[in-house]
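Residues in the sequence shown are numbered consecutively from 1, following our numbering.
Take the hints with a grain of salt, since some may be wrong.
[To be verified] Cross-link-like lysine-lysine pairs, in silico, DSBU-like; alpha carbons within 30 Å at most:
no.	residue 1	residue 2
1	K29	K64
2	K29	K68
3	K73	K29
4	K45	K29
5	K73	K45
I should point out that these hints are in silico values taken from the structure, not numbers from a laboratory.
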Amino acid sequence: MAIQGPIPVTFGQVFPHGCYTVGEVEPVKDFDASTNGRFVQARDKQTGELVWQIPVMDADPALKAAQKTVAVKILSAVQPAPPAPVAGLPFTPVEFDGLTVTPYVNGSGRLAYSIKARQMLAPRTTTATPAKTNSKEAAA
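Model the full structure from these sequences, guided by the hints.
Here you go:
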């Protein structure tokens, strides 16, 4: 099989409706290297970089409540900082660059995905609005 390891994806493929931070950036624990009372932070197996995670809420209105919050892991030598909060919003919008997904079978036997990113940043804004096409132009 040609696909080996994490599968590169775009932010729009994973979060087509956007996403919002709902927690803090935290180091991911390396359960194999940590001992009782001694925390060891996980490192990515491919790059060796430290692994951090942040819980985000997927803005897809079609998702069930239990599916809305996911952890995105971020590979970075230093703790990433989330974007600045946006006035008037209860949650901070966020985007990720360099996304990959790794499918796996979780403890209940269901397919799940580990989402990793290279960078966390404020959402890009677009000033252009899509052109509207009326039905007469579409039929021509």
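- Are there hints from earlier that the structure breaks, and if so, what are their numbers? none
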